[in-house]
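> Sequence:
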Amino acid sequence: MGTLYIQHEYWFSVFQLVTAMVGMGATLTPKDFKELLLEPKAVASGTAIQIIVVPLVALAFISLFGLAGGVAVGLALIASVPGGSTSNIFTHFARGNIALSVAITAVTTLACLFTTPFILDLLIESYMPADFVMPKGHIMKEITLTLLLPLALGMLYLRLFPGTAELFSKWAIRTSMFGLLMIVVGASASGRLDLEVFGLGNVALIVLFIAVLALVSWLISWGVLRLSHADATAVDMEVVVRNINLGLMLKALLFPAVLGKVDPIGDMVLLSLLLYGGLQLFVAGALIAVRRRGVKPENMLAE
Numbered sequence: 005m006g007t008l009y010i011q012h013e014y015w016f017s018v019f020q021l022v023t024a025m026v027g028m029g030a031t032l033t034p035k036d037f038k039e040l041l042l043e044p045k046a047v048a049s050g051t052a053i054q055i056i057v058v059p060l061v062a063l064a065f066i067s068l069f070g071l072a073g074g075v076a077v078g079l080a081l082i083a084s085v086p087g088g089s090t091s092n093i094f095t096h097f098a099r100g101n102i103a104l105s106v107a108i109t110a111v112t113t114l115a116c117l118f119t120t121p122f123i124l125d126l127l128i129e130s131y132m133p134a135d136f137v138m139p140k141g142h143i144m145k146e147i148t149l150t151l152l153l154p155l156a157l158g159m160l161y162l163r164l165f166p167g168t169a170e171l172f173s174k175w176a177i178r179t180s181m182f183g184l185l186m187i188v189v190g191a192s193a194s195g196r197l198d199l200e201v202f203g204l205g206n207v208a209l210i211v212l213f214i215a216v217l218a219l220v221s222w223l224i225s226w227g228v229l230r231l232s233h234a235d236a237t238a239v240d241m242e243v244v245v246r247n248i249n250l251g252l253m254l255k256a257l258l259f260p261a262v263l264g265k266v267d268p269i270g271d272m273v274l275l276s277l278l279l280y281g282g283l284q285l286f287v288a289g290a291l292i293a294v295r296r297r298g299v300k301p302e303n304m305l306a307e
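The numbering of the sequence shown is the working numbering, which starts it at 5 and goes up by one.
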């Protein structure tokens, strides 16, 4: 399995991303974008936090903590991708504004065609060889083919087969999760996931990063912007739950695994992405538990 993964890492990453985005698209209709007009402040705020604040937090970590190259690039990838396909589901369970969550996911997903290569170029330039040139055009092409096109196909499926779209979406997302599992198994079998080499200090930094993202999002969405409980919940979920599927595809594009060759930076990037992907489920679960108990952000501030 390890050899198979290394030889076909790119296609493993494409498979899990395409199935995730088709599944996400099968839940979206053009009407979902009306939230842009109904709640422009909330949508603009959530989008700005995603595109501006999250990369700034990553930049602060990279600048202040003197991160190893692989961890720094991993955080940059996490910061450059939009909200994940499951953020809308988590928002629903947390009693947040689902329509707002869908709108922010849609907007940031479309915007990432341009924002992702720009953010990556800004954050990881110093960690790449002197002659390295960010393949912005290639990244934009890959995002179009493996993210935006499957998203559109999923929306088309919903339009043509509305009766089975919900079931189709569920199985597409489950298939994507199976693809992620295969990446973990394949990377582990090939020796690419070594926590001992990665170090507990770097694990702690990934934990701290997601905790800071959650805190900063909460402070801005409620403390500064005074969004409603439902809107703030949606924004927080969008910030915490990242599209790690896209991050894995970009990792395979920028740092492809080569059979018989050790790539410490690429391996650390991969482990950073997978660690964050696992941690975001726990943080989202904690947010769901807090919000469902009726502990609103304003009450927490009052304390």
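Simulated from the structure, these hints should not be mistaken for laboratory data. All values reported here derive from a predicted model rather than from experimental measurement. Some hints could be false.
To be verified - Derived CB-CB ranges, DEER-like:
#	residue 1	residue 2	range
1	41	12	43 to 51 Å
2	266	122	43 to 51 Å
3	142	263	21 to 29 Å
4	174	293	40 to 48 Å
5	117	70	40 to 48 Å
6	12	157	20 to 28 Å
7	193	294	45 to 53 Å
8	216	262	47 to 55 Å
9	168	64	43 to 51 Å
10	296	12	14 to 22 Å
As the list claims (entries may be wrong) - Cross-link-like lysine-lysine pairs, in silico, DSS-like; alpha carbons within 30 Å at most:
#	residue 1	residue 2
11	145	35
12	174	145
13	35	45
14	145	265
15	265	174
16	140	265
Glycine included, C-beta positions come from ideal geometry on N, C-alpha and C.
> All the hints need checking, so say for each whether the structure fits it.
Status of each hint after checking the structure:
no.	hint	verdict
1	41 <-> 12: 43 to 51 Å	44 Å, holds
2	266 <-> 122: 43 to 51 Å	31 Å, violated
3	142 <-> 263: 21 to 29 Å	22 Å, holds
4	174 <-> 293: 40 to 48 Å	23 Å, violated
5	117 <-> 70: 40 to 48 Å	32 Å, violated
6	12 <-> 157: 20 to 28 Å	23 Å, holds
7	193 <-> 294: 45 to 53 Å	38 Å, violated
8	216 <-> 262: 47 to 55 Å	34 Å, violated
9	168 <-> 64: 43 to 51 Å	46 Å, holds
10	296 <-> 12: 14 to 22 Å	41 Å, violated
11	145 <-> 35	27 Å, holds
12	174 <-> 145	27 Å, holds
13	35 <-> 45	18 Å, holds
14	145 <-> 265	27 Å, holds
15	265 <-> 174	38 Å, violated
16	140 <-> 265	26 Å, holds
Hint compliance for this structure: hints 2, 4, 5, 7, 8, 10 and 15 are not met, and every other hint is.
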